[in-house]
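With the hints as constraints, model all of the structure from the sequences given.
In order, the protein sequence lines correspond to chains A and B.
Our numbering applies: residue 1 is where the first sequence begins, and numbers increase by one.
Our numbering applies: residue 1 is where the second sequence begins, and numbers increase by one.
Be a bit skeptical, because a hint or two may be false.
Unchecked claim - List of simulated lysine-lysine pairs, DSSO-like, C-alpha gap at most 27 Å:
{"hint": "1", "chain 1": "B", "residue 1": "K415", "chain 2": "A", "residue 2": "K288"}
{"hint": "2", "chain 1": "B", "residue 1": "K240", "chain 2": "B", "residue 2": "K185"}
{"hint": "3", "chain 1": "B", "residue 1": "K378", "chain 2": "B", "residue 2": "K400"}
{"hint": "4", "chain 1": "A", "residue 1": "K288", "chain 2": "B", "residue 2": "K144"}
{"hint": "5", "chain 1": "B", "residue 1": "K464", "chain 2": "A", "residue 2": "K288"}
{"hint": "6", "chain 1": "A", "residue 1": "K288", "chain 2": "B", "residue 2": "K471"}
To be verified - Derived coverage of chain A by chain B (criterion: at least 3 residues anywhere in the stretch with Cβ under 8 Å from a Cβ of chain B; other residues may be distant):
{"hint": "7", "segment": "139 to 153"}
{"hint": "8", "segment": "237 to 248"}
To be verified - If you only want the chain B side, here are some residues facing chain A, beta carbon under 10 Å, derived:
{"hint": "9", "residue": "Y98"}
{"hint": "10", "residue": "D108"}
{"hint": "11", "residue": "L145"}
{"hint": "12", "residue": "G148"}
{"hint": "13", "residue": "G154"}
{"hint": "14", "residue": "E578"}
{"hint": "15", "residue": "A581"}
{"hint": "16", "residue": "A582"}
Keep in mind the hints are simulated off the structure, nothing from the lab.
In this text, a Cβ means the ideal position worked out from N, Cα and C, and glycines have one as well.
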Amino acid sequence: MIRKSIDHDRIRRLAALVRKETYQLVRDPSSILIAFVLPMIMLFLFGYGVSLDTDRTRIGLVVEEPTSLTHDLSASFRASRYFDVTFGSDRRIFEDQLIDGSIRGIVVVPAKFTANYAAGLDAQLQVIVDGSDPNTAKFVQNYTQGVVASWKSIRSADKAQGGQGQAVEQRFWFNPELTSRNFLVPGSIAIIMTLVGTLLTSLVIAREWERGTMEAMMATPVTSIELLVGKILPYFILGLTSMTLCVLLAVFLFGVPFRGSVLALYVLSAAFLVPGLGQGLLISAATKNQFLASQAALISAFLPSFLLSGFLFEINSMPEIIQWVTVIVPARYLIPSLQTLFLAGDIWPMFLQAVAVMLLIGGVFFVLAARSTRKRIG
Amino acid sequence: MTITDGQRDETFVQLEDVTKAFGSAVPALDKVSGSIKSGKITGLVGPDGSGKTTLVRLMTGLMQPDSGRLTVLGHDTRQDAAAIQTSIGYMPQRFGLYEDLSVRENLDLYADLRGLPPEQRAATFDELLTFTDLKRFSDRLAGKLSGGMKQKLGLACALLKKPRLLLLDEPGVGVDPISRRELWKMVADLTKEGVGVVWSTAYLDEAEACDSVLLLNQGKLMFSGAPHELTQRVEGRVFKVNGISGRRRQALTRILDDDAVVDGVIQGEAIRVVVEASSRENTLIEVLPEGSRLEPTDPRFEDAFVDMLGGGPGGRSELAEAATARDTSNGNIVIVAKGLTKQFGDFRAADNINFEIPRGQIFGLLGPNGAGKSTTFKMLCGLLKPSQGEGRVAGFDLRKDTAQARNRLGYMAQKFSLYGDLSVAQNLDFFAGVYGLSGTRKRERIALMKKIFSFEQTETMSAKDLPLGLKQRLALACAVIHEPEALFLDEPTSGVDPVTRREFWTHINGLVEKGVTVLVTTHFMDEAEYCDRISLIYRGRSIALGSPDELKAGVANAANPDPTMEDAFIALVQASDERDAA
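Here you go:
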């Protein structure tokens, strides 16, 4: 009988904490900003602004001495998906365009090209680029080399096979258009959940320490577990809500394909929020100060999710030490799973493995957080 | 209701050699022993940093002592913190309220957390809201309440499930004297029902009203017992020098330099003196100004505390002796406020403030936090642009000649805004540079400050690591390094112990005698008595202006023939409220 009333009290305290947190959330414009406005801005940035695709670069192609050989080479340039080519016979007509930026480079096929090629000498092209934009200049240079190299190899293969044309045909699975948006948007959902889970959570708890409300709460019969759960539950739901909003936008606004199941989406997201919230709790318990908490959350959660998760940079191409560091970044497990979920469909063995690792990392965070949030001050 | 002795004398808290240290510094609490009884208000008294908050937190079980033990309501805090937390009410320094929840929602939250059964809720809320007079505001967000109302709501939350022991950590800070008195009355009512109350405070006048006190200084227990037992030690040794015709600050300097004197402060037109032994007042006669009389007066808690700390400092101020004298005889006006008004949105923080301060006088702005003191103050030192009206310092209009005006004033900000990461010497060097000193003069002034304030040993310490008293000294040194004509002091002695406070005022009094003009803000009623004239600021307006004695005399009546500054303040505020209501 007594036991029952204790449980009853416990539930009532928990409900009171969750209710309080919800009121605060709804009334505090900064929570709404972090949970909904910021994700939208990020999604729009990744959806429209940032693209890892190479668009067709406008160049001028000057053929000083038209022959059937140079005609063939020109055709290769025209066929390239990297270039948007304008033809001319004199480089001077392109020089002004290069200066005013309407084309990015001039490729000159010199008069001696055909003769040199026929003689088996090194037949060279001249590439003129705008050095003030080194990035684009490098692109033009590299892509030109690429076009020429593949043209040469096709030609020599043609020769060897007695004119039987043979080209390599590429086929991409799952993202046939190779649109970077299709894997950036699912990835950014992980970043957004990091914002809500870690940044927002660490901020709101640090605020309780700053305003002295944490102290007042601790002096009541509330247990530290109730305090933690009362904090986490509303932000867990907020994180999932924010995620849902992002997915709806991704699918209906950006047209990202969604080939997996809703169940898998929520299982993965929920599992990801465990380490996210745990880290937020740990940060706030350790710093007890909103400014420090936001710095710590940005550096230890937001940036790693961005840089060390395979979201922007391939993990395999990182230095080995950094690759080891990425092992403890929860986003590294979520992002490939989400990309698979969106673009390929449910692959449960992969998902379950990711879920297990994320829960493990989350468990460690929670144990550490619970130890430092014991009902103690100072 | 009558109280049996048993109800009043049950021991609720027993402290045994309680020691608590943070880091390697001096322990926050050093072997403190004592007890707190039921049915009484026990004051936990001491300056900032004396260990009051630490002791309160130890009693809640939220912190554990390094050694020694605390027994609260029969439970050891180490083993049974949970049991303690179910039967205490605790109001931390900032009242522990959620500012974005309404009054009602805050009460609901704490009712759930403290396990108040739902069927009792309506009656309890009704009783508490009536008790605290917050019924009209139950839907208002806590963040939108005034300081006094927040304090009452904080109390209501702590009282939800009638606690046996109520712990209040500095409930009087930042609250106007009226709300403070109301809170005191409410708490006193609770003790009649046997509740034990712990009231921590840095105000010694609050200490005097407690049933019992634990007096702390630098973590050590100085005294435990009823306040009148402490004041007994100075019984018969406290006098007032009345009828001083000349400059009373010069008189104070002479009096303080007499061997027989333990402590002396300006109190309106008079000087309050504590002598070493009751027979020694006779030797004082020689140093008294002509025509003045020595009259015995009732000892106060502060007199006894200073006596216990070994007495106040002497009357000489090296700082003042080194200062260049300015002629005060022509009565030149140095600081002028003419219709100063500051509007923030639809809130008028300062409304038509007028006063003039002649050279060589101390003018005080007295009022609770949020009344508009600091706003007025900031407009006068050129930190804030007035919406209307003008301020002049040494003849310069602050809106047009800000730079010239600022070079003639020294500013000591609230909480001694020093650069915490710079050392003592670097702070001095920086402020000397900012105030336009250079070359030999800069070197000489810095060397002088180091000598006067004995910074030799602490020269290389970071300002943030200094003890509070030294911080205050350094802030003063930085503010006077360029020998300003006018000195602006914003809550200059907030939280420091009374001896340090006297040391500070010795310097200020000396400087004033040399012709420096001082504007000071304070919420200490005692400190207001050191001023030549004061303006009471309340809700952005000056509701009274005059010398401390004039203001006090203005509210004297048959029931209270000798009102204190606080009585005067309360009477004047009430009169102002009545005028507003009419």
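Hint check:
no.	hint	verdict
1	B:K415 x A:K288	holds, 22 Å
2	B:K240 x B:K185	violated, 31 Å
3	B:K378 x B:K400	holds, 16 Å
4	A:K288 x B:K144	holds, 25 Å
5	B:K464 x A:K288	holds, 19 Å
6	A:K288 x B:K471	holds, 25 Å
7	139 to 153	violated (count 0)
8	237 to 248	violated (count 0)
9	Y98	holds, 6 Å
10	D108	holds, 7 Å
11	L145	violated, 14 Å
12	G148	violated, 18 Å
13	G154	holds, 8 Å
14	E578	violated, 35 Å
15	A581	violated, 33 Å
16	A582	violated, 38 Å
In this structure, the hints that do not hold are numbers 2, 7, 8, 11, 12, 14, 15 and 16, in rising order.
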